[in-house]
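Heads up: the sequence lines are chains A and B, in that order.
Once you know that position 43 of the first sequence is 43 in the numbering used here, the rest is easy, because the numbers rise by one and skip nothing.
Each position in the second sequence, counted from 1, maps to that position plus 186 in the numbering used here.
I should point out that these hints are in silico values taken from the structure, not numbers from a laboratory.
Keep in mind that a hint or two might mislead.
Distance condition first, Cα-Cα at most 20 angstroms in a straight line; then the derived DMTMM-like pairs of lysine to aspartate or glutamate [to be verified]: (1) A/14 x B/338; (2) A/92 x A/121; (3) B/390 x A/172; (4) A/176 x B/377.
Covered by chain A, per the in silico footprint, the following chain B stretches (three or more residues, Cβ under 8 angstroms) [to be verified]: (5) 317-330; (6) 384-392; (7) 507-516.
Cβ coordinates follow ideal geometry from the N, Cα and C atoms, glycine included.
Listed below are the residues making up each chain.
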Amino acid sequence: MKNEYTITIFTENKIGLLHRITVIFTRRHLNIDSLNTSESEIRGIYRFTIVVTTTEAMVQTVTKQIEKQIGILKAFYHTEEEIVYQEIALYKVPTKAFAYGDDVESLIRKFNARVLTIEPEYTVVEKTGHKSETQQLFRELESYGILQFARSGRIALTKQIKEITAYLKELEQHQKESEEEVLTYN
Amino acid sequence: METKTRTKSAAKQKAVEKITGAEAMIRSLLAEDVDTIFGYIGGAIMPIYDALFNYEDKLKHVMVRHEQGAIHAAQGYARIKRKPGICFTTSGPGATNLVTGLADAMLDSTPLICITGQVGAALLGTDAFQETDVVSVSMPITKWNYQITNAEEIPEIMAKAFFIANSGRPGPVVIDITKNAQFEELDYKYEPASSVNNYVPKPKPLMSEVEKAAELINSCQKPLVLLGQGVTISGAEAEFKEFVEKAGLPVAATLLGLSSFPTNHSLYTGMLGMHGNYAPNINTNKCDLLIGIGMRFDDRVTGNLNTYAKQAKVIHIEIDPSEIDKNVKTDVAINADARQALELLIPKINRNSHEEWLETFSELHEIEFEKVISKDIHPDDGKMYMGEVVNTLSELTNGEAIIVTDVGQHQMASARYYGFQKQNSWISSGGLGTMGFGIPAGMGVALAEPDRPIFVIVGDGGFQMTVQELGTISQYKLPVKIILLNNDFLGMVRQWQQLFFSNRYSSTELTNPNFLMISEGFGVPSKQVSERDNLKETLQELIDVKGPFMLEVKVEKESNIFPMVPAGGTVSEMRLD
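Assemble the whole structure, with the sequences as input and the hints as a guide.
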């Protein structure tokens, strides 16, 4: 059965790693629903958040294949229940939409959105939330004419108690232990 | 810094010197005990070749006739020596000609370091002459790759390359180096790496899993051990033998596991998979415990996964965590190097024998012998068959030669009928099934193991894919003895057409050249045999001659390799005819 999974990958900051990750999805004919990357809580270590819709067996295999790439520190996959996540959407609408009655204003209140800038010609509204929420506001604003729309990839934090720093310590420990007898061919 | 250095070499480390990037590349190879390079010169790698010119006494360079020949030769060399094979090529077409070999080495876990020249850093991305984005091209078919654009990077990157290529599950590494980095000077100081950040080549086996595995082994009635190349790679042949002998476990080898266990051993039951032996395939679906060691449950081994060993518990000993549960779900997985896992397991398993169960293998073998093997090795219809050629060679060499093959029917005949008695004696393209692999791989093997007899068994199709390497064999007088099993067909594909495409022989019949003249033209002496009466005597001549030599054997045009599990079929429904 297919479900939505959020894959979190911790990587070194190296050229080409994104490519190494994406070819693994391409090989399996998996579509990436969204992708976001930025530096994590540890300096120099990057966090990729990738959303895919697939089976658990597939996401498990893909996650392992990602994790074994050189330059990848750890890769995890999570269901929706195991993460706290958010997306951000920006809507550019004609400023005149605000001129007739308080419809748009009440929409903004109702959706907990905020206005980023007001220019004579256009206004930019920001809404954070899950995709269904930002999509709903999109539909509501559509009748007033949306000039531009952009939605970010998902960013997610995991609810698990064990943090990446603990995993990295383990990794370092494994590395130390195997250092003396590392060469397979000797 | 990314890499830690090996302490033992730190002692002999020299003072910093100022040298060019090109010279640093050569010195890095020497520091890693490289003695042989396979390559093809061209514009973007000329500075490195110029530096090599001063080291010809220490580094043997084999100038091949096509870059694909270089990489397959490096693969043959690496698999025998169990250390990275080295390739040099220029940028653009030189580098792209490596693609097949990289993919082959990736699938068959072969350590390689391919150094490709690249246009100057200032020209990158401008569609310069002979510029190809080799890093992107090789991304999915390398264990690691990197583009050096600055000479200062060379020592650290080369140390990292050697470490990655040859540790853990080995694999190919591409180092693309821009021309400016070859010319620039750097402060050179080389230290081999002892680790690479965030990379654990040898995962530590979990003792809890080892205990569980031992329990399963001690309580099973009908075990079957699947021997993969991981046993060869980790040098665990002795431990493997001790393990199976102690618990009396029947052994079946994957294609790449061949020669790691003597075929005349009482526990050896044959080869697995599509054209493997009848007994281990049938009994895969009868056993109660399947123990895969250093293998990856490839589809050629398993056939239809939905009907594969469903009745059995599965233990998987495998160094690459991404292979565990990928195809076959395991009951116990030991994510570790094969030797290390076996060392831990041996003291925990009970001495046992499974006589009755072993007997079932013998009974099934009798069926295969009567229906297939006897006809293959002692045919009585006057025609010559691949099986008898290989079987005769095996008898005449006591199963002690190194066999290198190409891909197709002759490969399966070789795998089935050569009775390997010595380990590290089988080099064949497994996962990728690369036609054209045999002849160049044989060159690498001949350089890696000059004192052992080497036979390259090849078909008429594959022979013509890398025939140009006869030039290299001739130039370097490599003792490669080629046995060309010529049936004037792409035999394996023709077999499939006969069995699954209603005898429609689309594009499989070849009008072949005069192979003797071609061989002689390259300066490789040759002979042809087309009569059974002369086979044994001619093979003996081939064994006695000092190579190179090419022997063409005219075999029956339309014979098939049996038994067979059709693609996607059930292993226990293997066809005998």
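Structure-inconsistent hints, enumerated in ascending order: none
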